[in-house]
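**Student:** Single-letter residue listing:
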Amino acid sequence: MALRALVTRRTLRTSPIGFRGLQTFSLPDLTYDYGSLEPAISGEIMQLHHQKHHQTYITNYNKALEQLDGAIAKGDSSTVVKLQSAIKFNGGGHVNHSIFWKNLAPIREGGGEPPKGSLGWAIDNHFGSLDALIQKMNAEGAALQGSGWVWLGVDKELKHLVVETTANQDPLVTKGPGLVPLLGIDVWEHAYYLQYKNVRPDYLKNIWKVMNWKYASDVYDKECP
Amino acid sequence: MNLLSCSSNSWPLSSGVVAVTDQPLKSLKGSLSVPSFGWEQRRDNLRNNRRVLKVVAYYGLKSPPYKLDALEPYMSQRTLEVHWGGHHRGYVDALNKQLEKNDVLYGCTMDELINVTYNNGNPLPEFNNAAQVWNHDFFWESMQPGGGQMPTLSLLQQIEKDFASFANFKEKFTEAALTSFGSAWVWLVLKREKKCLAIVKTSNAINPLVWNDIPIINLDVWEHAYYLDYKNEKAKYVNTFMNHLVSWDAAAARMARAQAFVNLGEPKIPVA
Numbered sequence: 001m002a003l004r005a006l007v008t009r010r011t012l013r014t015s016p017i018g019f020r021g022l023q024t025f026s027l028p029d030l031t032y033d034y035g036s037l038e039p040a041i042s043g044e045i046m047q048l049h050h051q052k053h054h055q056t057y058i059t060n061y062n063k064a065l066e067q068l069d070g071a072i073a074k075g076d077s078s079t080v081v082k083l084q085s086a087i088k089f090n091g092g093g094h095v096n097h098s099i100f101w102k103n104l105a106p107i108r109e110g111g112g113e114p115p116k117g118s119l120g121w122a123i124d125n126h127f128g129s130l131d132a133l134i135q136k137m138n139a140e141g142a143a144l145q146g147s148g149w150v151w152l153g154v155d156k157e158l159k160h161l162v163v164e165t166t167a168n169q170d171p172l173v174t175k176g177p178g179l180v181p182l183l184g185i186d187v188w189e190h191a192y193y194l195q196y197k198n199v200r201p202d203y204l205k206n207i208w209k210v211m212n213w214k215y216a217s218d219v220y221d222k223e224c225p
Numbered sequence: 001m002n003l004l005s006c007s008s009n010s011w012p013l014s015s016g017v018v019a020v021t022d023q024p025l026k027s028l029k030g031s032l033s034v035p036s037f038g039w040e041q042r043r044d045n046l047r048n049n050r051r052v053l054k055v056v057a058y059y060g061l062k063s064p065p066y067k068l069d070a071l072e073p074y075m076s077q078r079t080l081e082v083h084w085g086g087h088h089r090g091y092v093d094a095l096n097k098q099l100e101k102n103d104v105l106y107g108c109t110m111d112e113l114i115n116v117t118y119n120n121g122n123p124l125p126e127f128n129n130a131a132q133v134w135n136h137d138f139f140w141e142s143m144q145p146g147g148g149q150m151p152t153l154s155l156l157q158q159i160e161k162d163f164a165s166f167a168n169f170k171e172k173f174t175e176a177a178l179t180s181f182g183s184a185w186v187w188l189v190l191k192r193e194k195k196c197l198a199i200v201k202t203s204n205a206i207n208p209l210v211w212n213d214i215p216i217i218n219l220d221v222w223e224h225a226y227y228l229d230y231k232n233e234k235a236k237y238v239n240t241f242m243n244h245l246v247s248w249d250a251a252a253a254r255m256a257r258a259q260a261f262v263n264l265g266e267p268k269i270p271v272a
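As you go down the protein sequences, you meet chains Y and E in turn.
Just so you know, we're using UniProt numbering here: the first sequence kicks off at 1 and counts up by one.
Just so you know, we're using UniProt numbering here: the second sequence kicks off at 1 and counts up by one.
It cannot be assumed that every hint is accurate.
In silico lysine to aspartate or glutamate, EDC-like type, Cα no more than 20 Å apart, as pairs [to be verified]: (1) Lys170(E) to Glu160(E); (2) Lys161(E) to Asp213(E); (3) Lys88(Y) to Glu164(Y); (4) Lys191(E) to Asp213(E); (5) Lys52(Y) to Asp229(E); (6) Lys175(Y) to Glu140(Y); (7) Lys197(Y) to Asp229(E); (8) Lys82(Y) to Glu175(E); (9) Lys209(Y) to Glu66(Y); (10) Lys209(Y) to Glu140(Y); (11) Lys191(E) to Glu112(E); (12) Lys172(E) to Glu233(E); (13) Lys201(E) to Asp213(E); (14) Lys197(Y) to Asp69(E); (15) Lys62(E) to Asp93(E); (16) Lys63(Y) to Glu175(E); (17) Lys236(E) to Asp213(E); (18) Lys67(E) to Asp229(E); (19) Lys197(Y) to Glu233(E); (20) Lys159(Y) to Glu223(Y); (21) Lys97(E) to Glu112(E); (22) Lys234(E) to Glu160(E); (23) Lys231(E) to Glu44(Y); (24) Lys197(Y) to Asp93(E); (25) Lys222(Y) to Asp155(Y); (26) Lys136(Y) to Asp202(Y); (27) Lys52(Y) to Glu233(E); (28) Lys161(E) to Glu171(E); (29) Lys197(Y) to Glu81(E); (30) Lys209(Y) to Glu109(Y); (31) Lys102(Y) to Glu157(Y); (32) Lys175(Y) to Asp155(Y); (33) Lys234(E) to Glu44(Y).
Calculated from the structure, these hints are not laboratory results.
What you are looking at is a predicted structure, and each value in this text was computed from that prediction instead of being measured.
Chain E on its own, in the form it takes in the complex (with noise of 0.2 Å):
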């Protein structure tokens, strides 16, 4: 099995960061007060300044699109602070660290990553943070500052077509919330077998790329995602986030993408 092998439709969505380690060339500052490179210039260097460079892929973490306090008064700066600075952050870091030791694994794009490190359902120890990792960036992506309303155009028709209305679709979304146990992430995705919409539960870190599925928006409702600003309310915390936080523009933006994988027929052009 070959477990670097590229899956055809990669989501740019990695935070792919080629850091090169390398010994400072301490000798160099030395040798510009001297104009002449004799002999000892170059025993200097051979002796001091025996360069290691060794590339290693590390995954950076990623800034939302937006200020840490954009998303106010629906989502403070310091949720934004202790939920991207220190959850996220956290994910980032400790993946990095189990790739430090982990050959095989390097080279992946995230979203390879997930899939390899699923493992068909028994994951190994890397799958909970690469998944949170790839999960917090599209969470951040999923929200904008003056968000909710409603979707437009083809992304609207579709939701319509699968949910009978948005606002069913609305309803659905929100009882998937808030009847999802313990720790878990709420998503809209296409189905690529079905070419439809469907909402998906998952819990922990799982995330419907591990399906072949196309996540559209997702909702984090870890606690830790609202705990600060809404305590044990969820239910506001979610219908804060249908009505004022969801970007419509980012789901248009990735079903349109979905759409060069998935064949969801003739595109309904509405008339101007």
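With the rest of the complex left out, here is chain Y (with noise of 0.2 Å):
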């Protein structure tokens, strides 16, 4: 009987989840193979930025996230603000990346394929052809220092085209509250290094032959129809 009652009853589990409900997040699944893109960008490459690079942003996202739901609760205001920067940058990778795979389709799914509607008609309004476009976007991410973005996005309020760059893995939000992202170039080394070293102007020159217009397209056929 002194056995019975120590055998103490099982307490209600916590789910996984949490109490708030913490969404965790997990790496998206590319809809083509590593190796597809070739040769624009190699299966090497694709696969470390993939299950590697993208995967840690992912973790440390959900690893702050965590923090976070803990220090809101206690009320710890100096974590939550130095929680910050570390969800700026994880979940902005987390963002930035999740975009990227779509932007990205093997040349036998239309990669590369220039756009057409109402895209292509706002890209020769804006910029004067898809050519000059690619120039502008190419010249700004080979004279980004250091890591970073370089955008093409649509202003949702003014409804225009926009070049933009962001740093490190800042999203494209952070330059302008009614930016959205059609198509984002990562030009962080690791993005091109293993296949094309410091010659960052040649991997820019190459992605576009693999770049998926129609995700673009249908994006911005949304924001403006």
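Since each chain comes alone in its own frame, lean on the hints to assemble the complex.
**Tutor:** Next up, the structure:
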């Protein structure tokens, strides 16, 4: 009988999601094989980029969110503020790379095919021609110091296209709250180093061959019907 | 503001080379066969031989103090070839091209150039190239074949004074390297005002000279520094640097030089 008393009742286990319903993020799958973007981007780079780099951002993002949740619950303001840079960096990394995988497509699935329809018109109106846009984005991408992204975005308020760069893993919204990314090119060295070494301009020239303009057009049509 | 004012402490790390552009003396070869220095010779000299002497100061690419394969297997020859021969050389060439167009910045030592182009936080276009040239020169010299182990004598004592122990310093340095975002450098500096050692993270090309601190060691954590050898395993790279590459000899020499400018108190001469 004494033994029975020792047997404690199983407490209600909190679900792994946690009290507040905190969502954890996981690595999205690619819709194409790692090697299918060759020779523009090598399979080795795609695999490392997806399985290692993007996964690391997600892991650290989840960790930071968990810590944030704890700090909010405790009312620990200084920790809440301290965690912001980790959330911006890792969360931004997750957001940006999720868009990036959708921006690329193998050639046989339409990668590299120029945009038609309203996005094509908007590009010609705003930049003169698709080539002019590509030149502009490549120039800005090559000139970017250190690590960052170069974006083609649309301002959903003003309804016009913009080309912007962001540093490190800052998402496009940090350059303007109304900006919606259509295409992003990762110019962190990990995105091209194994194949192109320090010749970033070659990477920028070749990535357009596997650019998924269909995705960009879809997003544009949704923002500017 | 005198942009070319010399700072009182210029670290002789600048690799300045004076190049003189000159028209070749084409007629000299021909004149050797003509023994006389007649009026024809002088006419030719004056006509063809307009020597244009223009002195320009350029920066040269300094070689690391060891062969490119000397850091194997911790840093491969391939990495040195691309990092030094590609990136570092690229910065030097870009800087020289920028200086060609800008008279005011001639004649500065590298340290002066960095401070002037940093422009108190609003950097001029030359800053990135100048600072990266300096940073990489410093980086190659911060490493040596058979590096790692521990510092000795007064440097070790100073580290133990400022970080409690060498192990703690190593941990803090590694942590700084692993928590840096994007392209960055990690430094061990001697702070001039506080008269102590500190670990500093800087992003992109910034280096502690702009805050008037004295660098002792640095580590390149731009991805290009380790990607070919370690891919995304930054921790492995940083640990390898601390255990096998870092040159405490170079650090000790820099520390000794720094003490000419920063008074760290009575030297504690260890009893033999």
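**Student:** Hint by hint, which ones does this structure get wrong, listed from lowest number up?
**Tutor:** 9, 17, 22 and 31
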